[in-house]
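Following the hints, put chains B, C and D in place on chain A, whose structure we already have.
Quick note, the sequences are listed as chains A, B, C and D, same order.
Note that our numbering numbers the first sequence so that position 62 is 62, with each residue one more than the last.
Note that our numbering numbers the second sequence so that position 190 is 190, with each residue one more than the last.
Note that our numbering numbers the third sequence so that position 27 is 27, with each residue one more than the last.
Note that our numbering numbers the fourth sequence so that position 211 is 211, with each residue one more than the last.
Do not take every clue at face value.
Calculated lysine-lysine pairs in the BS3-like style (CA-CA distance at most 25 Å, straight line) [as the list claims (entries may be wrong)]:
| id | chain 1 | residue 1 | chain 2 | residue 2 |
| --- | --- | --- | --- | --- |
| 1 | D | Lys307 | C | Lys299 |
| 2 | A | Lys218 | B | Lys35 |
| 3 | A | Lys35 | B | Lys214 |
| 4 | B | Lys140 | A | Lys140 |
| 5 | A | Lys230 | A | Lys299 |
| 6 | A | Lys317 | B | Lys35 |
| 7 | A | Lys299 | B | Lys307 |
| 8 | A | Lys214 | B | Lys307 |
| 9 | C | Lys299 | D | Lys299 |
Because the hints were derived from the structure by calculation, they are not lab data.
4 protein chains.
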Amino acid sequence: MAQKIRKIGVLTSGGDSPGMNAAVRAVVRTCAYHKIDCVGIYRGYEGLIDGDFEPMDARSVRDIINRGGTMLKSARSDRFRTPEGRKIAYDNLVENKIDGLVLIGGDGTFTGGLIFNREYNFPVMGIPGTIDNDISGTDKTLGYDTALNTAVEAIDKIRDTASSHNRLFFVEVMGRDVGHIALNAGVGAGAEEILIPEENLGLDRLLESLLRSKASGKTSSIVVVAEGDKTGKNVFELKDYVDENLDGYDVRVAVLGHMQRGGSPSCYDRVLASRMGVKAVESLLEGESNYMVGIQHEKMELYPIEKAIKGKSHINKELVRVSEIMTT
Amino acid sequence: MAQKIRKIGVLTSGGDSPGMNAAVRAVVRTCAYHKIDCVGIYRGYEGLIDGDFEPMDARSVRDIINRGGTMLKSARSDRFRTPEGRKIAYDNLVENKIDGLVLIGGDGTFTGGLIFNREYNFPVMGIPGTIDNDISGTDKTLGYDTALNTAVEAIDKIRDTASSHNRLFFVEVMGRDVGHIALNAGVGAGAEEILIPEENLGLDRLLESLLRSKASGKTSSIVVVAEGDKTGKNVFELKDYVDENLDGYDVRVAVLGHMQRGGSPSCYDRVLASRMGVKAVESLLEGESNYMVGIQHEKMELYPIEKAIKGKSHINKELVRVSEIMTT
Amino acid sequence: MAQKIRKIGVLTSGGDSPGMNAAVRAVVRTCAYHKIDCVGIYRGYEGLIDGDFEPMDARSVRDIINRGGTMLKSARSDRFRTPEGRKIAYDNLVENKIDGLVLIGGDGTFTGGLIFNREYNFPVMGIPGTIDNDISGTDKTLGYDTALNTAVEAIDKIRDTASSHNRLFFVEVMGRDVGHIALNAGVGAGAEEILIPEENLGLDRLLESLLRSKASGKTSSIVVVAEGDKTGKNVFELKDYVDENLDGYDVRVAVLGHMQRGGSPSCYDRVLASRMGVKAVESLLEGESNYMVGIQHEKMELYPIEKAIKGKSHINKELVRVSEIMTT
Amino acid sequence: MAQKIRKIGVLTSGGDSPGMNAAVRAVVRTCAYHKIDCVGIYRGYEGLIDGDFEPMDARSVRDIINRGGTMLKSARSDRFRTPEGRKIAYDNLVENKIDGLVLIGGDGTFTGGLIFNREYNFPVMGIPGTIDNDISGTDKTLGYDTALNTAVEAIDKIRDTASSHNRLFFVEVMGRDVGHIALNAGVGAGAEEILIPEENLGLDRLLESLLRSKASGKTSSIVVVAEGDKTGKNVFELKDYVDENLDGYDVRVAVLGHMQRGGSPSCYDRVLASRMGVKAVESLLEGESNYMVGIQHEKMELYPIEKAIKGKSHINKELVRVSEIMTT
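Just chain A, with the same shape it has in the complex:
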């Protein structure tokens, strides 16, 4: 039987994403609603080990729902990968009478939480906070929607100058292992070509496509490239390759970079964060543990953390096809 939860700790870990603050706020306010205590843990697992704790109430999270980043800070923790580190963390939790943890982060965050849970049978509940949308068990991760808008708005600006000058731009967006951002931002920005890790378009087909595009009278082009695309070339190498193999294009590169992680969260991400925060706390209160809160078919669902880690987020094949139709 699950012990009764009287105090919950919340931390953010891994790469930050827009909506993390809104999720922290929701966790804190749900605790207040249920009249249990809430503690903010700074710098993820590092703060857990260092005992960097702060009691939080509704006032602590005032005016943060619209802010990017995470007020609890984030960090990677090598120490938490060691049994010694986790032991200290556990002792800190016990000493502070914390009975459950809400972990906001991605794959690495969840892996740490799972190991910790297995060692100490400590109740943990995950919230998927990452812009990459690369976690299975949830249709959307927290921050993904905002990152797409940021990417599309930046590409809109780049298109202004590309069109004015008849230029070809390679625009690199985030996504080392999965092409969700590239595919969606590419379709959203009306890109002429999209290169993602899941599909090996091949350099030949890229050249062909650019030639066809040029022949049809298009004088400027945007090619959106995921960091981890499968051509084996990064955007700068792609530029060189096209410069060498294709005449009459003025080729440029833009790397959107970390900008995509920041910014005020979209309404979608703020609402998702609020729902996930409520669900995470109430699930802990109901005695659940080792789940990630996901959104599936517009509903809040619990999904085993273990499956979330091992699972794979698949690219939407229908959208790949849509992108091909839109760019022909």
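Relative to chain A, chains B, C and D alone:
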């Protein structure tokens, strides 16, 4: 047996919404992809009756994916409500050899399309374009996501000044019959209270809530109100009511208004529009008719127009509860 | 000879404007740079009377440069209009060893400061913070540039929907006594007509202009109206008037309202705030008093507060002419 | 005596900047107002040589005031650098009965115009369109204000993630020869250090500054770097240098790039463009030639193109000092 489709007409009708242009673009490009003709029909059913047609190809829809409004214009048509008007419309379609119609709009647009289909057995396919998200058979309507972001960004600005002055603001958002925008924008903007048509909060409870909020040290408040909320008072009357019945608040009103219909669509709406446009055209090509293209559980689905019209879009009860927890 | 300044107080008063936080930050950091103490005074003159003071250092103003509103809050103070109130304020300053005040606000704020200075010979320095740009002695007030961008972005959205529906919109922007916002936002948004307090266009000419516009094939129109325009009608009355006197227009109203006061400040306002904050503190340190810091010809200048209050900000006649050429 | 002007040509050339479309619109509408003809020339001097002309009226420039880029396209022209190329251009102008040219662009554009004027005594009038603000004779160039806002908004987002992770970011902004963008965006974004071409801060002082910043408890930092700063290292080399010479910082790089050239112009740039367009056309009509329209002390002024080219835009020393005070 469905006749073979060789030329498709597309129109936008009813209140405009962000993403309509992206949907028109997708319809046009999908026709080009399948090597069939496409015709833009201006001013909705009015243009159908007036024969205000224009052939469209990929070039016609260049650089419109990121624009608000609709390049095809929209209008309400009293004439299309008469058999005589619809007869002229039909003759125009036959004369122009148009074999199928994609109708982008809301409830009224679909009703017109359904009647027209029944009279002339003319293939029609609907795309739900409206910011209100009030159509059943689709988890999201086109433009809804953008409208939420517009509302939340405006309320963020209002909060800046509300906080600086310890003021109470009643902010009216769109939504005459349904509270989706109010509920989501309210949660997203961290409103202290949300008034929607689906729930009769009652004025007494509103006063109580504001008193409680004040007692807890909150010195400024945002109350988000749907146009059609059930208190029976509009925002200006609400202001007067609170002025009379609650001391110590400097109460103001903000009506967000038509701004919510415009603006560059969010990435979500652009992608949704692209998917729906492809699906609408390909469904017509496959011989389908009388359906609306919806998104359900992240997938494109056909939904009978008749059910879409008669159905009702229900407020998310879980989110109502989340809003109560967040505002306590 | 001016006494040596060792501690400076800073307050914001009157209507808030974007950039006030950036100015507070600059005041605090300039004090730190010169190794003198700085005290934040909450809620303007109210906090001065209530002794609502807080010592501030570089950390206190971290991460506020990009935020709308004012972290020091603002309020109107009836008590400060009385000699008794000012006496208490003065005693609080003496008790807290504050030797100089930076006053961020508009006309009313400066009037209060001037009276206070005359009674107690207390060093005061003003920073013009108001979105209305209605203060003489400075080419721009703090927040004005941001408010213009906010207004123009909102009108851009309204134009999307106006164009889609062939509608005429009356858009009311702030500006009770001066038309700077209306004139600049009107030109910036490409409005078809602009009504400002300084020019009595007259209703007849408005109708003529709309008729001409319609005759030339324009099917939608935006008329930007300053709150205090001289037609003697507010936007709702204007709508009714046009409805009655002009056929074939679907007329709507949009009131932008308090949204214009909030939002993250533009780069211009952040830089202006930083420069003004430095100048205000250093001028006090140099023994100056009773001046407002203004920007004239791109340079920081001191301008007597007395003249700033009595002066009048004139509408740019050349820009009025530009607006006429653009809208013909 | 100047010949009477009956037809004006307008072109955009060099790097595009936000507000160019608004300036083209103003030129076209001012011509319409004065009932003279106007011709758009595509792709700058290239189109002048190719005879790529199009008559323009008020309708041609509808709905472009808010768009980035330039509808007339821009290009660099090697041919216009040759007497033969300019001869063809002149013949095209004569053949098309164009009596005057409005040239929207930067340094290179103006140099071409000046040579052309000297050879053929052809009336030319310049409008300074470039984001770099590097032209003397005008307090602001067209597009500069928008570029600053774009840069600051991007850095705000980067700061979100920098703060969450205690990271140091080198952010490169545009400005090969002048540091206006870096200095203003740096102050506006609250950067901890700003590197510009005009001041050789030196790497030692940079390290010292970062050390001091760290010692004072700051855990994240933004260093804004102009493309052409004088450390002799680009942002990637700076990162490597700091990685090697400073412990305990997680250093990252962001290059804002061409995004800064695009986007919807700010209200300031739209108004400035409108004023400059009117002034340029009316100055040609008054028989003036070989001037650039500048804004000086908030007024439209004519400035000899020759001086504009040879002149140098100086960094604001007062603002350099403000930046030092803000970052100490």
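Can you give the numbers of the hints that this structure goes against, from lowest to highest? Checked against the structure, the hints that fail are numbers 5 and 8, while the rest are satisfied.
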